[in-house]
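When you get a sec, could you build the whole thing from the sequences and use the hints?
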Amino acid sequence: MGVVIGYIATLGVYFCIYNIFAFGLNIQFGYTGILDFTVITFMAVGGYLAGVAALGPEQPGTDIYYVLGLSLPWPVALLIGAAAAGAVGYLIGLIALRRLRSDYLAIVTLAAGSIVYGIVGNDTRLFDGFEGLVGVPQPLSGVLNLNPNDYTVVFLALCAVIMAVCWFLANRLYKSPLGRTMRAIREDLEVAEAYGKRTFRVRMSAMVIGSIYVGIGGVLTIWFVTSLAPAGWGTGETFVVWAALIVGGRGNNLGAVVGSFLVAVLFNEATRFLPAISSLPNLIPEIRNICIGGLVILTLWFRPQGVVAERKARFFVVPLQHGTVAGSAAAEVAVSGD
Amino acid sequence: MSLFLLTLGFGVVTASVLALASVGLSLQFGVTNYVNFAYGAYLAFGMFFTYTANTALHLPFWLAAAVGVVATGLVAVLINIAILEPFVRRGTSGFFLLIVTFGLSLVLLNAIQAIWGVGFDQFPIAAGSPIRLGPFSFTAAQLAIVVIAVMTLVAMHLLLTRTALGRAMRAMSDNPSLARASGIDTHRVTLWTWFISGSLAGLGGITLALNTVEFQAFTGNTFLFVIFGAVILGGIGQIYGAMVGALIIGLAVNLSGLVISSAYDLDVAFVFLVLALLLRPQGLIAARGKA
Amino acid sequence: MATETDDFAPATAVTPTDGLLVVAGLARRFGGVQALDGCSFAVEEGTITALIGPNGAGKTTLVNVVAGAIRPDSGRVYFAGQDITARPSHQIALRGLIRTFQLSREYPQLTVLENLMVSPQRQVGERLSVALLRPGRYRAQERAYLERAVQILDDFGLYGQRDEYAKNLSGGQKRLLELARAVMAGPRLLILDEPMAGINPALVDRLSAHMLRLRAEMSITFLMVEHNLDVVERLCDHVVVMAVGRTLATGTMAELRQNASVVTAYLTGGVADVRAES
Numbered sequence: 053m054g055v056v057i058g059y060i061a062t063l064g065v066y067f068c069i070y071n072i073f074a075f076g077l078n079i080q081f082g083y084t085g086i087l088d089f090t091v092i093t094f095m096a097v098g099g100y101l102a103g104v105a106a107l108g109p110e111q112p113g114t115d116i117y118y119v120l121g122l123s124l125p126w127p128v129a130l131l132i133g134a135a136a137a138g139a140v141g142y143l144i145g146l147i148a149l150r151r152l153r154s155d156y157l158a159i160v161t162l163a164a165g166s167i168v169y170g171i172v173g174n175d176t177r178l179f180d181g182f183e184g185l186v187g188v189p190q191p192l193s194g195v196l197n198l199n200p201n202d203y204t205v206v207f208l209a210l211c212a213v214i215m216a217v218c219w220f221l222a223n224r225l226y227k228s229p230l231g232r233t234m235r236a237i238r239e240d241l242e243v244a245e246a247y248g249k250r251t252f253r254v255r256m257s258a259m260v261i262g263s264i265y266v267g268i269g270g271v272l273t274i275w276f277v278t279s280l281a282p283a284g285w286g287t288g289e290t291f292v293v294w295a296a297l298i299v300g301g302r303g304n305n306l307g308a309v310v311g312s313f314l315v316a317v318l319f320n321e322a323t324r325f326l327p328a329i330s331s332l333p334n335l336i337p338e339i340r341n342i343c344i345g346g347l348v349i350l351t352l353w354f355r356p357q358g359v360v361a362e363r364k365a366r367f368f369v370v371p372l373q374h375g376t377v378a379g380s381a382a383a384e385v386a387v388s389g390d
Numbered sequence: 008m009s010l011f012l013l014t015l016g017f018g019v020v021t022a023s024v025l026a027l028a029s030v031g032l033s034l035q036f037g038v039t040n041y042v043n044f045a046y047g048a049y050l051a052f053g054m055f056f057t058y059t060a061n062t063a064l065h066l067p068f069w070l071a072a073a074v075g076v077v078a079t080g081l082v083a084v085l086i087n088i089a090i091l092e093p094f095v096r097r098g099t100s101g102f103f104l105l106i107v108t109f110g111l112s113l114v115l116l117n118a119i120q121a122i123w124g125v126g127f128d129q130f131p132i133a134a135g136s137p138i139r140l141g142p143f144s145f146t147a148a149q150l151a152i153v154v155i156a157v158m159t160l161v162a163m164h165l166l167l168t169r170t171a172l173g174r175a176m177r178a179m180s181d182n183p184s185l186a187r188a189s190g191i192d193t194h195r196v197t198l199w200t201w202f203i204s205g206s207l208a209g210l211g212g213i214t215l216a217l218n219t220v221e222f223q224a225f226t227g228n229t230f231l232f233v234i235f236g237a238v239i240l241g242g243i244g245q246i247y248g249a250m251v252g253a254l255i256i257g258l259a260v261n262l263s264g265l266v267i268s269s270a271y272d273l274d275v276a277f278v279f280l281v282l283a284l285l286l287r288p289q290g291l292i293a294a295r296g297k298a
Numbered sequence: 093m094a095t096e097t098d099d100f101a102p103a104t105a106v107t108p109t110d111g112l113l114v115v116a117g118l119a120r121r122f123g124g125v126q127a128l129d130g131c132s133f134a135v136e137e138g139t140i141t142a143l144i145g146p147n148g149a150g151k152t153t154l155v156n157v158v159a160g161a162i163r164p165d166s167g168r169v170y171f172a173g174q175d176i177t178a179r180p181s182h183q184i185a186l187r188g189l190i191r192t193f194q195l196s197r198e199y200p201q202l203t204v205l206e207n208l209m210v211s212p213q214r215q216v217g218e219r220l221s222v223a224l225l226r227p228g229r230y231r232a233q234e235r236a237y238l239e240r241a242v243q244i245l246d247d248f249g250l251y252g253q254r255d256e257y258a259k260n261l262s263g264g265q266k267r268l269l270e271l272a273r274a275v276m277a278g279p280r281l282l283i284l285d286e287p288m289a290g291i292n293p294a295l296v297d298r299l300s301a302h303m304l305r306l307r308a309e310m311s312i313t314f315l316m317v318e319h320n321l322d323v324v325e326r327l328c329d330h331v332v333v334m335a336v337g338r339t340l341a342t343g344t345m346a347e348l349r350q351n352a353s354v355v356t357a358y359l360t361g362g363v364a365d366v367r368a369e370s
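Chains as they are written, first to last, in this note's numbering: chain A, 53 to 390; chain B, 8 to 298; chain C, 93 to 370.
A hint or two may mislead.
[Unchecked claim] Taking lysine to aspartate or glutamate and the DMTMM-like style, the derived pairs with C-alpha atoms no more than 20 angstroms apart in a straight line are: (1) A:LYS227 to C:GLU256; (2) A:LYS364 to C:ASP255; (3) A:LYS227 to C:GLU234; (4) A:LYS227 to C:GLU239; (5) C:LYS259 to A:GLU242; (6) A:LYS227 to A:ASP240; (7) C:LYS259 to A:ASP240; (8) C:LYS259 to A:GLU183; (9) A:LYS227 to A:ASP115; (10) A:LYS364 to C:GLU234; (11) A:LYS364 to C:GLU239; (12) A:LYS227 to C:ASP255; (13) A:LYS364 to A:ASP202.
Read the hints as simulated data drawn from the structure, not as lab findings.
Shown next, in the form of structure tokens:
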């Protein structure tokens, strides 16, 4: 029984984490139209920084090398991870958001992600290179002293709370005038600029907030699995988040949730539990990646708006000063033909 | 000094590989007006088709390479007909085409890895003893790369300037609506563009594999960022710009290896990409008359 | 009397205070094409000024330079006496100079009402901290904007379409939305790039009536690029004629009809002829 609960809770944790990733990408891409092809890099930055903030000092003779090692409490580590992801998002944005062309932006994000990957992998002094960090302490595990399955349930509760806060704030942003301006920039950057919008600044806000979201997801990831290595955050992982958002419905946080459930949980995480063929250990992940890439292409062909399409913003009805509305609106329809 | 010149020689080889691949990407980018993020997989197709033709079908290497080049060109055309062209016809914005090619790269690279395996392969040809040319020293393969690159680029120049197809490609690259209005069969030109782009990717992949000796499914994709650097430095759609960009980045990547570890090759290319974007986003050779 | 600009006259024949918008000696080259070649003129406050000229005269380039979308190689732009040359477009817009684009450029996936709600500048709710943490602080302003937007939509006969996605409007409705959205920004000067192109005569009349109304009610000054000379004659107080990147003549339409070089420019559009005439 405990095993089953643990298994379900594990899927629940991944569901929450992918929701946060998808909210972050939604703020960048769905709201603002930023093609961030390196989403997962922010997850790694958040995870690593929270990891080295929480780990104790590097032990000589263990062959595990990393920077910092501050033994900080977990809430502080969470803040550090989120801030670091935001800072990296800011740096990438400084280059990528300067140019109007969306293809330049996509290239720069993809290239920057690959640079971070190369540096983290090759420079073993930062986060132990391709071996990665291990043994990152889990929040409250020392205090609670639970068996792993019960701990997973507690951890799920923590993830759910953080996810709910992220969802709430993302929706609030969407409905705000700032969110509206972000969507106007998504629709036509040049026009928004001509209407006095500081498009660079607004896009940078979206870039940084999105990065922070993904970074928070990264912190939760490293807490849950207690380790993080470059193999866990390749381009394929970025695409899982993209697939979740595209399949679920971009521009809509409910779509992000549905997509995370369909792609990241049902499909992606469930296939991890399939038995691997021992002679072909890579076949399952290969097929998984092929399917996820294909799923996005098919979705864009058959249902480009996603399962849950973006909803229209509704304003509460405001009474007009005078009573000509019905008449003029009716007249308009007659004139509207070109 | 001799190490510097020796490295300069290797830089020319890298630049040759890069030029082949960059011209192919830039040409297609210019004509179809969207980036193909799956281009790294096309390089891999070139490598593995050649590898299979050479090792399994026992064709001589040069013939296997020719098969690899043509087959990659055909794959590029097929992918365009089956997947990309339908999206373009429907009027999908460039935005979503980028996501489609990004997804395509994931599909193709993993398919290649599933078919040909994760391990490193290498072409079964003897490296031979180094050939000395004054202060430079090359393997036979490296010399062949430079010669092939120069011949191919000259052929590309002739194609673009002397043939109706080449002029049509340039017209579509400069002004697509005007090109259509002036009676160019844009569909046919687009197909040829994909064939040439794919073939150049194949050739770029093969020469890359010869230069790095060992290769696997993702070798071409890693190189993709260096290609992007050359293409953006040269100006998108600018064939000659791509050649110049390739020369600059090819030399820079190799010469920087004298100062810092060659593990940071990608980062050097990235620095150039960033500098190009910040200082000269329209490319070294700016497009003419575009308002 | 129509004044013809002399080829040898200094480019700064106008001074910054000659009008609400003053363009002095603007030049811009694209590759081998001299799109603007020392263009100078003034738009007086309270007028509806037309900018006419043959294709390739540099009208759209001029609009782009004035609005800050393209940097000029030389020359200056003054708005309300202030030098705004090569300022970023958003800064120029904040000063009250709003431009529309040649083709309808509505925000397609935003509703008609939202298209207007984006326009007000420096909204309280556009600040990140307010948007995320203190949404109560923008409610009052949002409601005021909403009332204004609804009123403007009603004025333009688009109230019934307020919750429709802008992309679903007809071509004519999109043109009205473009103007309504610009009005929502509260501009002092509105630059319209071919607002009447490709629309039916009834709608031309309606747009014209709206422009006259906006000038009277909101004292908006207009500069409009236009090809339809009948519209120009009926609507505009003042006309600026451009050819080959420079000002060829200015004056009322009636005056310009008497001007041989203007007629030649329209008939031939050729460089040599224009120069020969002047």
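Does LYS364 (chain A) pair with GLU239 (chain C) here, judged by a C-alpha cut-off of 20 angstroms? holds, 19 angstroms
Is the straight-line distance between the alpha-carbon of LYS364 (chain A) and that of GLU234 (chain C) 20 angstroms or less? holds, 17 angstroms
Tell me if the straight-line CA distance from LYS227 (chain A) to GLU234 (chain C) falls inside 20 angstroms. holds, 11 angstroms
CA of LYS259 (chain C) to CA of ASP240 (chain A), is that 20 angstroms or under? Given pair LYS259 (chain C), ASP240 (chain A) holds - Cα atoms ~13 angstroms apart, limit 20 angstroms.
20 angstroms limit on alpha-carbon distance, applied to hinted pair LYS227 (chain A) and ASP240 (chain A): holds, 19 angstroms
Would the hint linking LYS227 (chain A) and GLU256 (chain C) be met if the CA-CA limit is 20 angstroms? holds, 17 angstroms
Regarding the pair LYS364 (chain A) and ASP255 (chain C), is the alpha-carbon distance no greater than 20 angstroms? Since the Cα atoms of LYS364 (chain A) and ASP255 (chain C) sit roughly 8 angstroms apart, the hinted pair holds (cutoff 20 angstroms).
Would the pair LYS364 (chain A) and ASP202 (chain A) pass a check requiring their Cα atoms to be no farther apart than 20 angstroms? violated, 42 angstroms
Going straight from one Cα to the other, do LYS259 (chain C) and GLU183 (chain A) come out at no more than 20 angstroms? violated, 52 angstroms
Is it true that the CA of LYS227 (chain A) sits at most 20 angstroms from the CA of GLU239 (chain C)? Given pair LYS227 (chain A), GLU239 (chain C) holds - Cα atoms ~18 angstroms apart, limit 20 angstroms.
Are LYS227 (chain A) and ASP115 (chain A) close enough, with their CA atoms no more than 20 angstroms apart? violated, 50 angstroms
Taking only the CA atoms, is the gap from LYS227 (chain A) to ASP255 (chain C) under or equal to 20 angstroms? Holds - the C-alpha atoms of ASP255 (chain C) and LYS227 (chain A) are around 15 angstroms apart, at most 20 angstroms.
The structure is inconsistent with the numbered hints 8, 9, 13, although it conforms to all the rest.
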